[in-house]
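Student: These are the residues of each chain, in order.
4 protein chains.
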Amino acid sequence: MKIEHIKIGPGMTTLQLIEEMGKSGVLGAGRLHRATKLLSEVTCDPETTVFLSVAGPMVPGGLRKIIRDLIANGHVDVLITSGANLTHDLLEAFGGAHYREHKEDDEELCQMGMGRIADIYTKSEDFEVFESKINIILSKIAKENDKLNIREFLTQIGNLIHDPDSIIYTAAQKGVPIYAPGLIDSMLGLQLWMFTQENQLTLDAAGDMHELSDIVYGSQKVATVILGGGLPKHYALASNILTGGVDAAIQVTLDRSEAGSLGGAPLEEAKSWAKAKCSSKLVTVIGDATIIFPLMVSGAMELMDKTD
Amino acid sequence: MKIEHIKIGPGMTTLQLIEEMGKSGVLGAGRLHRATKLLSEVTCDPETTVFLSVAGPMVPGGLRKIIRDLIANGHVDVLITSGANLTHDLLEAFGGAHYREHKEDDEELCQMGMGRIADIYTKSEDFEVFESKINIILSKIAKENDKLNIREFLTQIGNLIHDPDSIIYTAAQKGVPIYAPGLIDSMLGLQLWMFTQENQLTLDAAGDMHELSDIVYGSQKVATVILGGGLPKHYALASNILTGGVDAAIQVTLDRSEAGSLGGAPLEEAKSWAKAKCSSKLVTVIGDATIIFPLMVSGAMELMDKTD
Amino acid sequence: MKIEHIKIGPGMTTLQLIEEMGKSGVLGAGRLHRATKLLSEVTCDPETTVFLSVAGPMVPGGLRKIIRDLIANGHVDVLITSGANLTHDLLEAFGGAHYREHKEDDEELCQMGMGRIADIYTKSEDFEVFESKINIILSKIAKENDKLNIREFLTQIGNLIHDPDSIIYTAAQKGVPIYAPGLIDSMLGLQLWMFTQENQLTLDAAGDMHELSDIVYGSQKVATVILGGGLPKHYALASNILTGGVDAAIQVTLDRSEAGSLGGAPLEEAKSWAKAKCSSKLVTVIGDATIIFPLMVSGAMELMDKTD
Amino acid sequence: MKIEHIKIGPGMTTLQLIEEMGKSGVLGAGRLHRATKLLSEVTCDPETTVFLSVAGPMVPGGLRKIIRDLIANGHVDVLITSGANLTHDLLEAFGGAHYREHKEDDEELCQMGMGRIADIYTKSEDFEVFESKINIILSKIAKENDKLNIREFLTQIGNLIHDPDSIIYTAAQKGVPIYAPGLIDSMLGLQLWMFTQENQLTLDAAGDMHELSDIVYGSQKVATVILGGGLPKHYALASNILTGGVDAAIQVTLDRSEAGSLGGAPLEEAKSWAKAKCSSKLVTVIGDATIIFPLMVSGAMELMDKTD
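Heads up: the protein sequence lines correspond to chains A, B, C and D, in order. Taking my numbering, the leading residue of the first sequence gets 1, the next gets one more, and so forth. Taking my numbering, the leading residue of the second sequence gets 1, the next gets one more, and so forth. Taking my numbering, the leading residue of the third sequence gets 1, the next gets one more, and so forth. Taking my numbering, the leading residue of the fourth sequence gets 1, the next gets one more, and so forth.
Keep in mind that the hints are not guaranteed to be accurate.
No copy labels: a pair is met if it fits in one copy or bridges any two.
Said to hold, decoys possible - Think about it this way: if two alpha-carbon atoms lie no more than 25 Å apart in a straight line, the pair counts; the simulated PhoX-like pairs of lysine-lysine are:
(1) K103 with K140
(2) K103 with K174
(3) K2 with K123
(4) K143 with K2
(5) K37 with K7
(6) K23 with K65
Calculated from the structure, these hints are not laboratory results. Treat the numbers as computed from the prediction; the structure is a model and nothing was measured.
With the hints as extra help, turn the sequences into a complete structure.
Tutor: Here it is, written out as structure tokens:
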């Protein structure tokens, strides 16, 4: 099949650009086109349960609304993420923010009470508000529960906050479960631990697996969209081992594969473990998720509109 | 300054998406937005000479038309590229093509007469046509010249082919010079060498510098857009050392900086060498150029339309 | 200071090579030399508690013995790792192995019952032995415990196996705590969950923090050696926030920093969060940990012998 | 085949460490072991012509002596490199040096007359000496020659300098040809061009191909060792297309393959182009060449001694 060259016209939509990339069909442009088509396909398909796995600073990095909207619109059925992304969602839900364009070095930032994630900055005053507000919520939760699994804990938090822009709030409203197997390793986890120094509240580390396996067994097909690596990527794939693996997967990453870390592992590898079915559709896009994911989602949304 | 979250709407244009990325302003999304604005700015500015430096398989990889159009529309004033990209431009000008979706392994491909560049494939029959046609052109050039610099050689080729989609043809038509300091290291270079076994035609390696220095001295400002690293990146920056460096630069690359290779070097490093002015505007976007460059150009074109 | 060129002689020791790299002092060679010196320094210093954080397939990838020996020899005081590395340690403790040089593709491997991690292979028969043996151990543990934190759980496993080459066994013998905040997301975690379907045994996700904070508060100085990113890297740094951050850190990674993921984040960033002290000594080596870590440890061991 | 774990002992030699890595045989450790064995094999084999291709700042970065010694000891038969590495070799031959541990930012460095390559620094005063000395040499060469190919030009320079530590000097002494197809794009190239403003001296860009093809046709077997990508990598492989490709190749790189650039391209791809024979032995090591290459050469030298 011949490669056609990408054409650019005035005021083209994101989907028009991605379809031009599909005519070329090679290198990153080809991968992005295949990923967009697959995203549209699995999102439209009523038989497919869509997992979204999110590692890296995607909430502080500007993707909070996109993730929230995917949940609100019923495009994502299960969210798996890090404790850090959930902490940053709550930080904003409690009135805090993330900041940019500070030029100070890390030692100066520390003295100013600012934390840095690449070119994203946080303020300790926002974390102070976070701490006081999350403690009120933890008290409410502990009043009614002795032991919770992590998903239940997050749903309860979602029910006790009132920010329509929040991922945790929206997920609770829509009944979309959030799994965060590494939750404890975050500011939210730290607050929980400090709370449990004087209060009784146990998070059951293995508790979510029962529920998650029910979701997997109850799904005709599963597709997983993976931003970054880490625990969320592994959990999203490994939880599907029970039924022979996912039917489709898309990953966006800058990690590389040679050193064997899961973050950069090719999706094909998941087939050997029965974490992806042999017939599964798998697309990897190499790139920065804050560019690739908005572009892909925007194109897929337009494609879905056209397909309706 | 607060980070705002990226919003996605139905049928949004590429510029609308990039402007949303600018509201976030961090990580890759922020870089892409700054690069797009800068590209629009330098392209619009009549005082700025725009260099485009292209390494990696951008012509076989689907960007031939974008590069050709930038030249045709007067948005690029100087092109610096590899012998390989010029060879592949001629391959298509002579009726050949690039192909995709071959699954054979490299030993099988070799037996089938197909060359591979990642997931791009070439056919030996197309190269045979290339060889016979370029030899006719070389004969014509050698009839009138003993010694040429590389830029003159490429202009003469451009004047002897008739493909409006060709970069070399269009550059010749528009009087846009093409520099290819490593030309000899390509199939075009190999053909030239074989031709010179029995014919007289010398390419003067240092010959372009005189002309290129005139362009640099004759420019009020220079901006350079850099896709990939290699010789083209170095040449684009180093030729501006004569006047204290470029005024603006954008680079798109997946190379990394730690091992010191120029390909992944931060643009800021160019300031120490007076290859970029101290006051220069510099933006690096980490990513696959076949995704980033079409998106950036599309956004910049729309932005220029709006600015007019 | 002038860069001296690296000299290579016949039969030189790893330390002699690293010291030559130190005379150059730049790029990767310089980083490796600084990391080796720092590793030797913190390991020798009786006042420094050494954390080792291990992500990626380091146990299946040939580093099991090095990690085990560092623990056995008192060079590592705290180990933080993934559930996967612990699973693979037990797989070998139970008589299984890891394999290499299989050329089949992932679908064939799946049919053969082999899982793949880059060029490392596992056999399902080894996992079957793992499952039956770990279940016996889980039963023994559940007989005496209702609720455990993860560290206690791993110590109890260590006390119930008898493989002197095992990391878990050796750590239990030497009283070195192992933390694995993401334990549940592994084959070991999966077995634990299946066990808890019919048995009572709760792993308390937040339970380790109390003990870990005691270690941090009880240490005059903390140094952390970080192989790969993920949860182990974050946990190793974040647990030291309580005392203003680590005093020294070495990381070996191939991840890159631009997309903001913690795996590739520069160690300097940790200063802004008070996860590394402002005065701390921080060295990053970009590379494959299966090359860099054995070389660095070998050099540091020789340096310690010389220093004694 | 089972993976054995790497063992580290006191005062082990670099070869002993690499042989331990070979017992593991996977990930980077396995690659490094295979590369070291192959390097020893091709270097020992009297029938194999060894090309060394060097891109990136290897001469300023501390590898000058290793490259010089490989040439002096007859282990390298052909050197292909960038104009920059040759410039930096001459800079030192003329009494200059490379420096480290400057903390200033790039704008300050520019004002101080210092150029930066990652954490390597140069001084303008050294470049001034370079300019005056190279001009004397150019005058001498121009007195006797009108037109030279690049290899001859470099040999003549080598014959006119007297630094036994110099790569160019040593290569001239030993009759080892140096090819630098992109020579003109360097400070040496710039000086040559400025010289030719007022003097007659033409570098024939295609001139080297005749001689290089004689070497390739005259070799029973060719092996190429590739540090970094760029023009040197392409030239080393492409010049062997005339005889169906190299018989063995080793590459050390941090570039990645997905975007299609040659720098990160897998060596296997060269088979499709007949730049590597179907039966060829190919090993890629992912890593920083300033760590990997000294380690590999040191191990290979010891292995050769043992084999003798």
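Student: Against each hint, give a clear statement of whether it holds in the structure.
Tutor: Comparing the hints with the structure gives:
1. For the identical chains of this complex, K103 and K140 are neighbours neither inside a copy (40 Å) nor across copies (52 Å), given an alpha-carbon limit of 25 Å.
2. In this homomeric assembly, K103 and K174 never come within 25 Å of each other (Cα to Cα): the closest approach is 40 Å inside a single copy and 43 Å across copies.
3. Taking the shortest alpha-carbon separations for K2 and K123, only the inter-copy value of 11 Å comes in at or below 25 Å, while the best intra-copy value is 53 Å.
4. In this assembly of identical chains, K143 and K2 lie within 25 Å of each other by CA distance neither inside one copy nor across copies; the values are 66 Å within and 36 Å between.
5. Proximity of K37 to K7 under the C-alpha cut-off of 25 Å is found in both arrangements, the shortest distances being 19 Å within a copy and 20 Å between copies.
6. Only between protomers do K23 and K65 lie at most 25 Å apart by alpha-carbon distance; the minimum there is 12 Å, versus 31 Å within a single protomer.
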